[in-house]
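K.L.:
For chain A, the structure is supplied; the task is to place chain B on it using the hints.
If you want the building blocks of each chain, they are given just below.
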Amino acid sequence: MRAFWAVLRRDLQLSLRGGGNVLTLVLFFVIVGALVPFAVGPDQVLLATVAPGIVWIAAFLAMLLGLDRLFGPDHDDGTLVLLRQADLPLSATIAAKVMAHWIVSALPLIIASPFLAMLLAMDVPTFWRTFLSLLVGTPALAAFGAVGAAVTVAIRRGGLVAPILIAPLSIPVLIFGVGAIGNPQAGAALLFLAALSLMAVALSPFAAALAISSAED
Amino acid sequence: MSIETAPKQRWWNRIAHPGQFVAWTRPLLWPLVALTAILFAVGLWFSFFGSPEDYQMGHTVRIMYIHVPNAWLSQFTYVVMSISAIGTLVWRHPMADVSMKSAAPLGALFTALALFTGALWGRPTWGTFWEWDGRMTSTLVLLFIYLGIIALWRAFDDQLRAARVVAVFTLVGAVNIPIIKFSVDWWSTLHQPASVFRADGPTMPPSILTPLFLMFFAFTFLFLALHLKAMHTEVQRRRIQGLERRAVQRAA
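The listed protein sequences derive, respectively, from chains A and B.
Everything in the first sequence is counted per my numbering, starting at 8 for the first residue and increasing by one.
Everything in the second sequence is counted per my numbering, starting at 9 for the first residue and increasing by one.
Honestly, the hints are just simulated from the structure, not real lab data.
Take the hints with a grain of salt, since some may be wrong.
[Stated by the list, open to error] Short, incomplete list of chain B residues facing chain A, as computed with Cβ under 7 Å:
(1) Val-149
(2) Phe-152
(3) Ile-153
(4) Gly-156
(5) Ala-159
(6) Leu-160
(7) Ala-163
Ideal Cβ placement from N, Cα and C applies to all residues, glycine included.
With the rest of the complex left out, here is chain A:
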């Protein structure tokens, strides 16, 4: 368990000291959301209806953007080879890295979401439900992202293929994530979203570890 926390702390320190990466993601998230009123027109009623979907799409895109930092640098400088030979099983290492990835790429977005909610004319109860559904659903996005990043880690142009692979898998997350907001059955959708997140977080480290060890040898 100490090794697990060590990997987590290392990844957090690397991304926080790496400069404005985290802020760039947040900026991207807000800008994508702020572009929508220009595209569909600044109609307050229309914006309020589509706002939860926009927030989810913006979060999905922003999390894609941070994905090649998950395994890419470690693969390039050889750290991944060392991590594979460590005492900690590779799947546990990956679980720690996914957790760190969620903390640096999803948590800031969730914290920044009130700003976007204001721009998109969301009312306060809708905002709280959006906040909750993001909090519950983004771990699944991080987990699927880890599988996509692991599968493409050995490819030089992997940055382009990973989003194509992940997007179909992420559709259920978006469906239940938005469903948990403006729906008469929002509670059931939120439970589904939680189940999806728990399953994805539990299973994806094993799939990602298998992909990484297959791609490397």
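P.N.:
Here is chain B on its own, set in the frame of chain A:
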């Protein structure tokens, strides 16, 4: 005491050598093609002339004889790919990844045809080309997964290394197959529920079931023939790549 030097070979060990596989399965190809052609001839005759019009849909019901086999094959091909993926990951069978790779474009094609014929059928009967209904959406997701897998195969330079990675992703993507299968039971919106493979028997008259089953087998045998031929082609392609690599090494 005699030591068994030649272990008893099962058939899947014997076809593990790509050249052996081609030699063993090449005689199967022409009978498969002939059977497919006969089934298509009979099945198409029944679809166009030997079956009645639907009392509601008229002649448009005949789209079903193309649509249903394609929809079935879109999922069956993925099952074939998933089984091949297990073969690659668990037994490292050399032909499993050849099978997995050559099935992907076929699956994408069948899925695209199922969506296309479904849209053509949906317009006159439901009044819309497309509806975000459970089965259509999950089939569209299946098409995206196929295209992603093809893109993943092409992104790798080394196809042997690609095989295990693609196998992992194929198995992850397999969660979509039960969703497609049960989508019409979970979300009953526009697409009709299962009417052929049901516990209480099919709900169609035999005059419609006959051409449907004929076309079903025709398309399945078409898949088998195309898949086998694509596997042979893939074996040849790898042999050529190996020869090229050796020629480069000799020249260097």
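K.L.:
Next, verify each hint and record whether it holds.
P.N.:
For each hint, the structure was consulted:
With a cut of 7 Å, the hint placing Val-149(B) at the interface with chain A holds, because the nearest CB-to-CB distance is about 5 Å. Taking 7 Å as the C-beta contact cut-off toward chain A, the hint placing Phe-152(B) at the interface holds, the least distance being around 4 Å. For Ile-153(B), the interface hint holds, the least distance from its beta-carbon to any beta-carbon of chain A being 5 Å, beneath 7 Å. With a least beta-carbon distance of about 4 Å to chain A, the hint placing Gly-156(B) at the interface is held under the 7 Å criterion.
With a cut of 7 Å, the hint placing Ala-159(B) at the interface with chain A holds, because the nearest CB-to-CB distance is about 5 Å. Among the interface hints, the one on Leu-160(B) holds; its C-beta lies about 6 Å from the nearest C-beta in chain A, closer than the 7 Å criterion. Among the interface hints, the one on Ala-163(B) holds; its C-beta lies about 5 Å from the nearest C-beta in chain A, closer than the 7 Å criterion.
Checked against the numbered hints given earlier, the structure satisfies every one of them.
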